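Residues -30 to -1, 1 to 487 (mature numbering (1 follows the signal peptide of the UniProt record, and there is no 0)) make up the sequence shown, in order.
No false leads were mixed into what you were given.
Simulated crosslink set (BS3-like; lysine-lysine; CA at most 25 Å straight-line):
id	residue 1	residue 2
1	K128	K250
2	K169	K180
3	K128	K172
4	K124	K172
5	K169	K128
6	K128	K427
7	K124	K180
8	K427	K169
9	K124	K169
10	K250	K124
11	K250	K342
12	K427	K172
Hints are computed from structural coordinates only; laboratory data are not their basis.
Bear in mind that the values here come from a model prediction, so they are computed numbers and not experimental data.
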Amino acid sequence: MSSSSGSTRRLAPGLFGLLVLCALISSVSAQEPSDECFIDQGNTRPGGSFAFSAWLRQGNCVRGPSSATYEVCRNNLQNQLENFVDGLHQQEYSASATVLALLPTIGAFVGTPSREIWPLLSIFPFAAVLVLTMSFGGDTTSTNIEDYRAVLEKKGMKAIDWSGDEQSADSLVEGGGGWAQQRDRLHTCIAASFERSTKRIKEQATRDSKITPARFTILVLIAILFLFGLLGSTMAGMAILEHGAIYVTWCTATWWFHAWYIVVTFTAVFDQWIQTPFTKRWTVFITEHSNASNCHEHFDTPDRSPRPSTLRELAASTSPTAFRTALHQCSSLAPPATTTANPHQTTQLNIALKINEDRIPTWIALLRFFSKAVGVTIYVFGTSVFAAVALLALPMSQMILVLVMGAGVFSRALAAGLVSLMREQGLAAVLLVCVDQEETADRLLLQALEYRGTAEKRVVSEVDGMAWERGECVGRRSRWWRLGLGMLTRPVAGVGELGLEGQREEKGEGRVDVEPA
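Produce the entire structure from the sequences given, and follow the hints as far as they go.
Right under this line is the structure:
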């Protein structure tokens, strides 16, 4: 019995030592991966430099390789915060997350730049889309058409509301004078738009600091490059934060910041679309060519055989969408030539179908409610994500706030500057006509193509890439040029520039002005 108790007493220290050794080995093996992430962050002093490289390596080390699992990243992060982050840096990281959580509020403060976007979308859509990608907020766009009109007219454009007019489609009986009266009013507005554009060009030409076409092109390119620079610097700043800081819920993710940005941008674009006080809009580009203008690119001379669709045939149709349906019949025509004519000689006519705010369609009301709900959700989502970011240094959170605010503010300033520059160059000749019936919109499209201008000018109109002259579709080109460059697109040449001058027709009842059959 004494021998057995003696053996037990001799084994007890050995077993205890073995247990301690196993615990130490287990502890060392568990902490070994995280020990490598102990990177001295240094002490940031007033006037000193920030240890950017050390901060970035710390975040990448804690996250681990691309094959690392969430559990590994979480254990590394927990060990890093408990054992290798001192009190001063913990306070800094906490303050940085609080500052970053203000970003959704700042984005909402900058908001969707509607007052700059509306005019720029008509003149230069590509630049408008770039500006919209730097809104960083789901600000609600005004649904009031009066606000829309005030913004456009402030930028030198003209907006007319013919909805509920006494000359609506119901009162324009065939053979009566209603069509001619409506057409004459429309043609008067188009002529006035050309006159305003010509007046601005003449005023700009008399100034000492007039802008030449080459200088104008350079200024536009500089503005576009600057917009790309603002967007690129913001994207780069987001990528840096995603690698140096860690979002606790998505520990291994390096895309959490861009996920917020993509959703916010999509919401801004969707909000811009659904809050616009129109359900549909059709655009006609009307260009006045001098008889001495030349073609920039030539194409085969067309014959005078009847076209697949003419204004006479369309006006005789009882369909409320006859013209828009007939546009597809021009798809087999050869591409029209582009011309050296100045783009300043073009007026853009927008015919918009107005939303009746007293009887908003159910689908529009639901989408507007959805847009507001998404905006609130994104705000809550963004705030919670940014508040849960760990290992974020204060200088980096300050950097991203400056980049986001700078991109939002300067992009709006550039948008306003582009609109003013193009207005001075006569490129803001935009006429918006609001109607409340699709049949009226279709007839206005026909009447716009009847516009003849002055005796010294020839008129070529472009709708959805289709070129129209003297009541006939003479060719087509890709609509993407107008969708991207808007008023900056080189106008198309009509058949008149190819030596096929037609006879000038007398005005009829206002339904159609084409050559006699």
